[in-house]
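> Protein chains in written order, with the working numbering: chain A, 1 to 291; chain B, 1001 to 1340; chain C, 2001 to 2412.
Hints are supplied without guarantee of correctness; some may be wrong.
[Said to hold, decoys possible] In silico EDC-like links for lysine to aspartate or glutamate, alpha-carbon gap of 20 Å or less:
#: 1; chain 1: C; residue 1: Lys2181; chain 2: C; residue 2: Asp2171
#: 2; chain 1: C; residue 1: Lys2313; chain 2: C; residue 2: Glu2286
#: 3; chain 1: C; residue 1: Lys2106; chain 2: B; residue 2: Asp1032
#: 4; chain 1: C; residue 1: Lys2232; chain 2: A; residue 2: Glu264
#: 5; chain 1: C; residue 1: Lys2318; chain 2: A; residue 2: Asp122
#: 6; chain 1: C; residue 1: Lys2181; chain 2: C; residue 2: Glu2407
#: 7; chain 1: C; residue 1: Lys2313; chain 2: A; residue 2: Glu264
#: 8; chain 1: B; residue 1: Lys1166; chain 2: C; residue 2: Asp2390
#: 9; chain 1: C; residue 1: Lys2201; chain 2: B; residue 2: Asp1137
#: 10; chain 1: C; residue 1: Lys2106; chain 2: B; residue 2: Asp1155
#: 11; chain 1: C; residue 1: Lys2412; chain 2: C; residue 2: Glu2347
#: 12; chain 1: C; residue 1: Lys2149; chain 2: B; residue 2: Asp1155
#: 13; chain 1: C; residue 1: Lys2263; chain 2: C; residue 2: Asp2390
#: 14; chain 1: B; residue 1: Lys1166; chain 2: C; residue 2: Asp2127
#: 15; chain 1: B; residue 1: Lys1166; chain 2: C; residue 2: Asp2105
#: 16; chain 1: C; residue 1: Lys2348; chain 2: C; residue 2: Asp2171
#: 17; chain 1: C; residue 1: Lys2201; chain 2: A; residue 2: Glu168
#: 18; chain 1: C; residue 1: Lys2392; chain 2: C; residue 2: Asp2373
[As the list claims (entries may be wrong)] These stretches of chain B come out as covered by chain A in the derived footprint (C-beta under 8 Å, 3 or more residues):
#: 19; segment: 1295-1301
#: 20; segment: 1310-1318
[Stated by the list, open to error] Listing some non-contacts, in silico: residues in chain A with all C-beta distances to chain C over 10 Å:
#: 21; residue: Val68
#: 22; residue: Leu155
#: 23; residue: Phe158
No lab work stands behind these hints: they were computed from the structure. Values in this document were obtained by computation on a predicted structure and should not be read as measured data. By construction, the Cβ of each residue, glycine as well, lies at the ideal position given by its N, Cα and C atoms.
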Amino acid sequence: MTATVILQVAVGGLLMGLIYALVAAGLSLIFGLMDVVNFAHGELLMLAMYATFVVWLATGLDPLLLLVPVALLLFALGVAIYHLLMARALSVRFNRGMVQIFVTFGLAILLRGAAQFTFGSDFQSIGTSLLAGHTLNLGGVFVPLPQLAAGIVSLLAFGALFVIGRTEFGRALEATREDREAVALIGIDRDRIFALGWGLGAAAVGIAGVMLAIFYYVSPNVGANFALIAYVTVALGGFGSLFGALVAGLLIGLVEAMTALLIEPSLKQVGMFAIYLAVLMFRPRGLFGTM
Amino acid sequence: MDTSITRRRRLELLIGAVLLAVLAVLPLPIQDTYTRNLIIITVLFAGLAQAWNILGGYCGQISLSHALYFGVGAYVSTLLLTRAGIPPTIGMFAGGALGGLMALLVGWPCFRLSGHYYAIATVVVGEIFFLLALNWDWIGGATGINIPYRRSIGDSWLWLQFRIDKLPYHYAALAFAAVAWLVAWLIEGSRWGFVWRAVKDDPIAARSLAVRIFPSKMAAAAISGALTGMGGAIYAQYVGYIDPDSVLYGHLSILIPLPAVLGGVGTLWGPLVGAAVLIPLSELTRSYLGGSGRGVDLMIYGALIIVVALARPQGLASLIGVRVRAPRGLDSGADDARAA
Amino acid sequence: MQRVMLVVAAFVLAIGGGAARAADDVVIGVLYPMTGPNAQVGNDAKAAMETAADIINGSHNIPMLLGKGGGLDKLGGAKVRLVFADHQGDPQKARAEAERLITQDKVVALIGSYQSATAATISQVADRYEVPYMSADNSSPSLNQRGLKWFFRTSPHDVMFTQAMFDFFRDIGAKTGRKVKSVVLFHEDTIFGTDSSNAQKQFAEAAGIKVAADIRYRGNSPSLSAEVQQIKAANADVIMPSSYTSDAILLMRGLHDVGYTPKAIMAQSAGFAEQALIDAAGPLVEGVMSRSAFALDATKARPAIPQVNALYKARNNKDLNDNTGREITAMIVLADAINRAGSTEPEKLHAALVATDIPGDQTIMPWKGVKFDSTGQNVAATPVIQQIKDGKYRTIYPFDVAVQEPEWNVGK
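Let the hints inform the model, and build the full structure from the sequences given.
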């Protein structure tokens, strides 16, 4: 095994890790805000990929141009889910923790069924885009452009989320998270903040969906491939910590790829899960968790 | 006060016995195999959900690794049968013992974690064992294990094999569900039951009362895991084929608690009611709408879960007058103004 | 609560009553995954089975067995009616659905079911109820080795398929002088990939071909980049993937991403038979070879193909492929046996199935024919090797049924 091979696999793992991180970011955001784990997160990713695919199919527009529209669409969807379901789920008097788990789990199944109903069960993929099929050769290490672009977009999205965190809205988010009762007294509409939080979380996964659609396939079940990894990423980084999600995503991508290369490909997820458990033994709230 | 509790508990036992009798004769007039199968799966899941309820409901630990204990039970009893010729009626106890042991093994590191960290850790542990089983050729790996009907033995209770007759499996599942229910009933009235309620409602207060939280969680895990393992052993005999996908896969870790959650978590009747509604609905929608290939069955099933969870957060059992206390569950401590 | 139970009870009763049906219909139960990760295959299978029923019942005059239509003549022109069930790829559900079809819909035979794990339980149920199970497309070689009297399989299994691949390696090596010296096995980790790679290992050893790497990967992974890198590092003569559609797409795109152009790819069909892969990978799949039980281009030897394909395409807007071709054939063979039995009585039907001896040119398959051995396996099912050219699979082997010369880059 040459150094090039190891370097190549590491690069691939880190690029994938940036995607994991971006998918996890939305999940982490929603959790941090209102203590809700969205089990339909993978399905939001799936819908974003379908939205990208459908528009590409109908108009031939390059998926990169769809970043903003799809993010906005998912933002609207996130807000709608909050108002239609989550606001109710948060206001129940019994078993709030479990109600939210199973409401979002039910939503996941519903969305999968709806996707199959609407788009059929065929595997679809975007055939043409500016980036598709191009690859950079950096001294024997190959970096596919779509993955590279996805990694860069992921970093940019994290940058944007950090910036949002410093705005007035971000401070309102922070305040709402710290003390849900007190914010009402200083005139912050908690419902609105929560809805915006869901919108932002969904928009982040929407961006991940557009970038993934360029090089991945689309099917009603595609979300499941990413969902479990997203939960593990969030928990590893620490619930509610955006920075934690970024670091954990990179770590998981790297560990997954290295396990596949050095130990056994079919056990690569065992590698990433083992890392998660090991970290939890020493840091029960994840790498950067405070909650 | 004390006597009214005793009276209520005696009444529960009486209702339980009547229900058992009703369920014992229920399939007799039904000749149709499909409906009998539906009842068996429903009863089995009522028992499994009750087993989960002991750890997830009464003890308040949202475990999402019950597929693991179920799978261990199924694999142990099946391997004892196919490799050593030990009858599954004996093997299921070995499967249960190992299921309980496995639950202790998972609980030992994971109980230190709180809330979502615990839930996701249990998912991950289950997934690790699933992947290992898939790659472990000695136990059949991905190919799974076939449990053939042995005509030389014929229909037999000892070997728990019946060619066409569904009734014996019904009684096996019913016995299992009854045991799970009885254990839950005993726990409700025991010192452990009080301890767990205390742990769930207020861990800090419980600790100050010098309650040893960790051992009590371990006890809940062992009982819950052992019962789930026995359920897995019965399932394996009933279906006649196991592979990691069907008895160890993570999806099952959601399906097992689902009836308890929708029926009423931490209640005696919740898992029963939940299973009685949920399992027939999911089976019937698949059987009569799934063939369309359009995903309509999934949409209905998903919508149903949402509606029940939102409309009856305390569980469907509350509709028939089961009193439900308000446990804080996952997010203990971080309560909401609206919840008050 | 009572209300909910009432609705459920009413539902159960309504179904228990059963829908009225014409007395002389022959009812056959069809089991496939109609939802879940393999829903696409199940829905294609549904269209294929409906096409077969249409051929049997309608009036088309297609040059094949039962191609005249008009129902089953020895049963007074009885029509074949299909009842579909969704097993979601779950062995327990497959078992329950098989029982439902047998006991409620009174089907005379079962047919299905794609995933071998579901066939394991369906065939057990069929055996217990003494109803034939016709395996149309399950490829696990262990299925017919379980001593089940009521199991029949028209399709070749993985050992037969793999044999064809290595026969091809031998013959093309002799023909061109450029022999296969090493292979990379690349297979997913469920029953399909495991069985397939086990057979490939055995044949490779017997042929003295080195297995440069045996890569067992997790199906439906988010990424296969590390695995693809291992393929590249091994740089063998032939890559032999056993993958479903999703992973096949990632594999073909991934090989390109790391700048690797393999000399040859010989696939164990599955995902490689799907149009979705060809759409996704476009020019990247040019030259890929796959075994197939079906050859769409064998129209000279099998004149029924164009008409059957047109009928299928009208339903599903796709051409027939390896799976759907086998599904139609299994249904026709089953219906023919029922017809020859002249009865739906199980023992007579069983005897008719055992006596099956259909010459290949009476089917749409490039096989020698259909003839079951004592385990219920069709021993005359001879696979072909195909290669993609201009986005379409074309038959290249056996040489006598080939429609084009193989493009063989090994050893160049």
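> Next step is simple, just say for each hint if it's right about the structure.
Cross-check of the supplied hints:
no., hint, verdict
1, C:Lys2181 <-> C:Asp2171, "holds (14 Å)"
2, C:Lys2313 <-> C:Glu2286, "violated (24 Å)"
3, C:Lys2106 <-> B:Asp1032, "holds (11 Å)"
4, C:Lys2232 <-> A:Glu264, "holds (16 Å)"
5, C:Lys2318 <-> A:Asp122, "holds (11 Å)"
6, C:Lys2181 <-> C:Glu2407, "holds (17 Å)"
7, C:Lys2313 <-> A:Glu264, "violated (42 Å)"
8, B:Lys1166 <-> C:Asp2390, "violated (55 Å)"
9, C:Lys2201 <-> B:Asp1137, "holds (16 Å)"
10, C:Lys2106 <-> B:Asp1155, "violated (24 Å)"
11, C:Lys2412 <-> C:Glu2347, "violated (57 Å)"
12, C:Lys2149 <-> B:Asp1155, "holds (19 Å)"
13, C:Lys2263 <-> C:Asp2390, "holds (18 Å)"
14, B:Lys1166 <-> C:Asp2127, "holds (16 Å)"
15, B:Lys1166 <-> C:Asp2105, "holds (18 Å)"
16, C:Lys2348 <-> C:Asp2171, "violated (43 Å)"
17, C:Lys2201 <-> A:Glu168, "violated (64 Å)"
18, C:Lys2392 <-> C:Asp2373, "violated (34 Å)"
19, 1295-1301, "holds (count 7)"
20, 1310-1318, "holds (count 4)"
21, Val68, "holds (25 Å)"
22, Leu155, "holds (18 Å)"
23, Phe158, "holds (19 Å)"
Taken one by one, the earlier hints fail for this structure at numbers 2, 7, 8, 10, 11, 16, 17, 18, listed in ascending order.
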